[in-house]
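Q: Sequence:
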Amino acid sequence: MTFTKALSLRPIRRHALVRVCALGVALAAVCGSSFAAQPVAGVGGAAAATQQAVKAVSVTKIDFKRGDDGTGRLIMQFDGQGASPDLRNQGNNVVIDVGNAVLPAELQRPLNVVDFATPVQRIDAKPSGQGSQLVLSTNGAFDSLAYQTGNEYVVEITPRKADVATGAVTSKTVAQAAATVAARGYSGRPVTFNFQDVPVRTVLQLIAEESNLNVVASDTVQGNVTLRLVNVPWDQALDIVLRAKGLDKRRDGGVIWIAPQPELAKFEQDKEDARIAIENRSDLITDYVQINYHSATTIFKALTEAKGIGGGGGEGGGGQNENGFLSPRGRLVADERTNTLMISDIPKKVAQMRELIAVIDRPVDQVLIEGRIVIANDTFARDLGAKFGIGGKRTYNEGDNEATIGNTTNGVGNANRGLNVNLPAGSFTTANGLGPSLAYTLLGANFNLDLELSALQEEGRGEVISNPRIVTANQREGVIKQGKEIGYVTITGGVGGAAATPNVQFKEVLLELKVTPTITQDNRVFLNMNVKKDEVDEYLPITNFGVVPVINRREINTAVLVDDGQTVVIGGVYEFSDRESVSKVPFLGDVPFLGNLFKKRGRSKDKAELLVFVTPKILRVAKAAQ
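Residues -36 to -1, 1 to 590 (mature numbering (1 follows the signal peptide of the UniProt record, and there is no 0)) are what the sequence shown spells out, left to right.
Quick caveat, the hints were computed from the structure, so don't treat them as lab data. A virtual CB, placed ideally from N, CA and C, is assigned to each residue, including glycine. Hints may be right or wrong, so weigh each one.
Claimed, not checked - Pairwise CB distance ranges, derived in the manner of DEER restraints: (1) 338 - 259: 33 to 43 Å; (2) 439 - 152: 35 to 45 Å; (3) 556 - 343: 42 to 52 Å.
As the list claims (entries may be wrong) - In silico DSSO-like pairs for lysine-lysine, Cα to Cα no more than 27 Å straight-line: (4) 548 - 563; (5) 230 - 213; (6) 471 - 445.
Assemble the whole structure, with the sequences as input and the hints as a guide.
A: Here it is, written out as structure tokens:
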């Protein structure tokens, strides 16, 4: 037997070999002559160990598989025992050197394993000196693990996964969490073992030294194991040894009991049968538990449905015999009138139920949610227009009479005054052309010229602030509404000569805050909330039936995580509109410069921004003294 041991996280001690030899001798004395007959890797067995280590073997098979969690698994098989693989990481490559294993020509070829979707992309197998070498090319972060049992050497390349932020609890997020927990299952100190046909009890003793735990092995734990592990947590190394020999373990504090799986299963079954027999012989007692902060019916339902049984049989325990909180003879009854739970069971179960109900029946903290809804408006409108008119007079002789075109006052002919072009300002502004203007009139003996230029400009800024507040218990929905109902008329009938029937209906126009807070363990608040802000924009007239309101709706439905007392903007909408219009006289309005007298221009810009601020504050409830 050859046996070496190395620890990756502590320096190699010179007296390690002496300790191993002493341990082998001690175990040999305890286990008898059959164990003592095995050679120990010391002074006497050095030659045999060296001869076995240098014994040449051949690689018979190279296989690659994919595990359920995306792990790439390389399996090397040899035609006999005694292979000494050496694994090391070189950057993105994992190199395996087997100095005493010959690689046949048919296995000296590269393998493309990209389609397996593991960190391993390619495997190159080639001779190296008197032995062979395998190079695994990888992609991404990974962890490597290697172990050897008999004539088989296994290398596992596991992808290193980062923590993933999850949102809603779904089957996918639960599976991700379970995979993360499974990946973190081994936390022992990494060790490196190289065993060649070593008794299992010796390996367990060495693992006990590394774990600082007490290991108790059953008398039925026998046999030898050949194992090679590189940088493996000691608890994972223990599981590998147990799986290889059909063993299992049970841990109680600092003591681990190891025995064959059937022996452990029989022991636990006998223990459970004895417990059930004792409980069936125990007398039942009845106890009453007063519920203070919750509903007794709610707690009854939670306890009876905890294992998917349901509350069959009304308030009683028709389906409660399978409930793990009670024994098969136990019953649980809820009394709504006195808000009391009645428990009938053996004393042990009654005490457990009392302790469980005391944990559930506690006052709940509350949360003050303060919201601010800000609507900011910024408007700008400008109109440019012109009024332009020309009037004239012409006289002519027809006999003794003088004809006059225009107006005649006291026998004097006057030029007409009127507007030939009437395009005043007033497209987007609200003054409708009655605002500031610049007018000019030029009068002559036979003509007059009227010119009026008008310009209007409006600017407006406004801000609407709503401040709803609500206090609600932890994990309870709270709703606050403020607003009105707008009535309008709907028409039914009126088809085929039938008379139309008007109906009055109402539509809610509300400021509403709906929120469900959840207080986390790290003193933050998870808010599942809906904020709504409605307002009436205008009314559309319907002939003979009044008007119908047009409602502007602003709504945010979201879930956020906020620190206690922190203000966060949970939503914002920014609206911007820019409109222009031109009205002109055809052809004349297109004349450069002078065309401005024959056109009207308008421009409007509107800006609106909606912001919703939320501030949660935790209101702690003082716990009553026990």
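Q: Could you run down the list of hints and mark each one as holding or not?
A: Here's how the hints hold up against the structure:
Taking the beta carbon of each, residue 338 and residue 259 are about 40 Å apart, inside 33 to 43 Å as hinted. At roughly 39 Å, the beta carbons of residue 439 and residue 152 sit within the given window of 35 to 45 Å. Taking 42 to 52 Å as the suggested C-beta distance range, the pair residue 556 and residue 343 does not conform, at roughly 32 Å. This hinted pair checks out: residue 548 and residue 563 have alpha carbons roughly 4 Å apart, not beyond 27 Å.
Note on residue 230 and residue 213: the hinted pairing holds, with a Cα-Cα distance of about 13 Å set against a maximum of 27 Å. The straight-line distance between the Cα atoms of residue 471 and residue 445 is roughly 14 Å, inside the 27 Å bound, and the hint therefore holds.
When the structure is compared with the earlier hints, a violation turns up for hint 3 alone.
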